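**Q** Work out the full structure, taking the sequences as your base and the hints as a guide.
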Amino acid sequence: MLNVGKIEEGFVLDHIKAGKSLDIYEHLGLDKPDITVAIIKNARSPKMGKKDILKVECDINLLDLDVLAFIDHSITVNVIKNGKIVEKKILELPKQIKNVIKCHNPRCITSIEQELPHIFYLADAEKEVYRCKYCEEKYMEKAK
Amino acid sequence: MRHLMSPLDFTTKELDALFNLANDIEMHPDKYAHACEGKILATCFYEPSTRTRLSFESAMTRLGGRVIGFSDANSSSAAKGESVSDTIRVISCYADICAMRHPKEGAPMVAAERSGIPVINAGDGGHQHPTQTLTDLLTIRTLKGRLNNFTIGLCGDLKFGRTVHSLIHALSRYENINFVFISPEELRVPDYIIEMLKEKNIPFEEVVRLDEVLPTLDMLYMTRVQKERFFNEEDYIRLKDFYVLNTEKMQLAKEDMLVLHPLPRVNEISVEIDDDPRAAYFKQAQYGVYVRMALILTLLGLA
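Chains as they are written, first to last, in the working numbering: chain A, 1 to 144; chain B, 1001 to 1303.
Among these hints, one or two may not hold up.
[As the list claims (entries may be wrong)] Here are the simulated SDA-like cross-link-like pairs (lysine to any residue), alpha carbons at most 20 Å apart as the crow flies:
hint, chain 1, residue 1, chain 2, residue 2
1, A, 88, A, 72
2, B, 1031, B, 1057
3, A, 127, B, 1194
4, A, 127, B, 1200
5, B, 1039, B, 1244
6, A, 127, B, 1195
7, A, 17, A, 34
8, A, 138, B, 1194
9, B, 1283, B, 1266
10, A, 133, B, 1275
11, B, 1254, B, 1244
12, A, 133, B, 1193
13, A, 127, B, 1196
14, B, 1144, B, 1244
15, A, 138, B, 1057
16, B, 1198, A, 76
17, A, 138, B, 1162
18, A, 95, A, 129
19, A, 98, B, 1114
20, B, 1198, B, 1173
21, B, 1159, A, 106
22, A, 133, B, 1103
23, B, 1240, B, 1198
24, B, 1031, B, 1299
25, B, 1159, A, 137
26, A, 127, B, 1201
27, B, 1200, A, 123
28, A, 55, A, 34
29, A, 84, A, 38
30, B, 1200, A, 124
31, A, 98, B, 1085
32, B, 1080, A, 137
33, B, 1080, A, 73
34, A, 41, A, 61
35, A, 50, A, 23
36, A, 55, A, 30
37, A, 50, A, 76
38, A, 138, B, 1008
39, A, 41, A, 59
For the record, the hints were derived by calculation from the structure and aren't laboratory data. Just so it is clear, the structure is predicted and the values come from calculations on it, not from any experiment.
**A** Given below as structure tokens:
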């Protein structure tokens, strides 16, 4: 059994689908700030069989929960302060996400307009469908 | 400030007010001949579109206003690489309202976000063409007297035709509309529209041959079936005549069935039926001017 030490302040992202932790690491931009991150892959889970866990030691205001919810809203977010869990956050699909994903429609104005943000809105919460604000093209990769 | 990006931007109640105004303009054109005096419409057309642009220009001119603009991207600053955001900021200094057509989808929305004046989407790629839909609705409402309780056949290219998609969405807000989709297998209505109709429990059927369903229709919306949309020449030759409306087929139709078409027509409606009282496509072009007049007045707050 692998042992990863406690963190004093930061987040433990639990119940990540097995194999998805690196995607989340990338989307949250955890490679950029100078912080300690533990990526635990394929941990045993009674609920999920196998799961990934991310332990992030950082200022608790650093994490963009909207981005996380967009990637996978079933992830459990434990907020840690003074080495203890002080809060469990429930993630909800964000109504709108900005500059997280790009519109791949070559006919969309975002493909040519200078510095235009890529904004997607939640078109169908049940089916988790996001559409580009400008051309309304469906974001496909999330459905995979 | 209000813009028009999609035909669904207006509630059905707001559309009623708009259509009542358009009908009043039709009845009393003199009343509105100076309504926009001193106002300027900018027609920013990044791709050519003779009818839509002239319809807007005619609308503003008939309201006593003036028109400035460009009719293709090469004669505008876009050719020098200017962004839509910058162009609209400048146009806002020159005009009171803008109608924009752009090959890129969502461009008029970018303009609306940065604009100091109302922006009307005059067609953005394959995405939306709201004033065509408003034209279609006004034509139906005026000639049929209602926007509910009828069976409408949509015929031709139902896969790529944005006017068809917009019209289906717009009509799906009214009661007791029955859709009949008539197209070759390759050009069927996209799945997302079928899903929307199922979710709303709106009745529809899909058929390949026009003559089979003609007797049941209260209205027929024709579109062009283009040869290049087919996978092979054989299918095109086999199917093309199914989608041509001629005198023979018109004999199967109800006596008060309306024939609509967004124009330009190529050969899908034979010229021999142009004089048939049921042919409403040229009246539709006239209603296009009235609805744009009503829209300009409404967005300028002059209605």
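**Q** Each hint needs a verdict: does it hold in this structure or not?
**A** Evaluation of the provided hints:
1. A:88 with A:72: With Cα atoms ~16 Å apart, residue 88 (chain A) and residue 72 (chain A) stay inside 20 Å; holds.
2. B:1031 with B:1057: holds, 19 Å
3. A:127 with B:1194: holds, 16 Å
4. A:127 with B:1200: holds, 16 Å
5. B:1039 with B:1244: violated, 44 Å
6. A:127 with B:1195: Between residue 127 (chain A) and residue 1195 (chain B) the Cα gap is close to 13 Å, so the pair holds against 20 Å.
7. A:17 with A:34: It is violated: about 26 Å lies between the C-alpha atoms, which goes past 20 Å.
8. A:138 with B:1194: Between residue 138 (chain A) and residue 1194 (chain B) the Cα gap is close to 16 Å, so the pair holds against 20 Å.
9. B:1283 with B:1266: holds, 18 Å
10. A:133 with B:1275: Answer violated: residue 133 (chain A) to residue 1275 (chain B) is near 44 Å, above 20 Å.
11. B:1254 with B:1244: OK: residue 1254 (chain B) and residue 1244 (chain B) at ~17 Å, within 20 Å.
12. A:133 with B:1193: holds, 19 Å
13. A:127 with B:1196: holds, 13 Å
14. B:1144 with B:1244: violated, 24 Å
15. A:138 with B:1057: violated, 35 Å
16. B:1198 with A:76: violated, 36 Å
17. A:138 with B:1162: Holds, because 16 Å separates the two Cα atoms, which is no more than 20 Å.
18. A:95 with A:129: holds, 11 Å
19. A:98 with B:1114: At roughly 18 Å apart (the allowed maximum being 20 Å), residue 1114 (chain B) and residue 98 (chain A) satisfy the hint.
20. B:1198 with B:1173: Roughly 14 Å between the alpha carbons, so the hint for residue 1198 (chain B) and residue 1173 (chain B) holds.
21. B:1159 with A:106: This hinted pair holds, its Cα atoms lying about 19 Å apart.
22. A:133 with B:1103: OK: residue 133 (chain A) and residue 1103 (chain B) at ~17 Å, within 20 Å.
23. B:1240 with B:1198: violated, 29 Å
24. B:1031 with B:1299: holds, 18 Å
25. B:1159 with A:137: holds, 15 Å
26. A:127 with B:1201: holds, 19 Å
27. B:1200 with A:123: holds, 16 Å
28. A:55 with A:34: Holds - the C-alpha atoms of residue 34 (chain A) and residue 55 (chain A) are around 14 Å apart, at most 20 Å.
29. A:84 with A:38: holds, 17 Å
30. B:1200 with A:124: holds, 15 Å
31. A:98 with B:1085: OK: residue 98 (chain A) and residue 1085 (chain B) at ~18 Å, within 20 Å.
32. B:1080 with A:137: The given pair, whose Cα atoms are some 28 Å apart, is violated under the 20 Å limit.
33. B:1080 with A:73: The given pair, whose Cα atoms are some 45 Å apart, is violated under the 20 Å limit.
34. A:41 with A:61: violated, 25 Å
35. A:50 with A:23: holds, 17 Å
36. A:55 with A:30: holds, 11 Å
37. A:50 with A:76: Distance of about 15 Å is within 20 Å: holds.
38. A:138 with B:1008: holds, 19 Å
39. A:41 with A:59: Between residue 41 (chain A) and residue 59 (chain A) the Cα gap is close to 23 Å, so the pair fails against 20 Å, i.e. violated.
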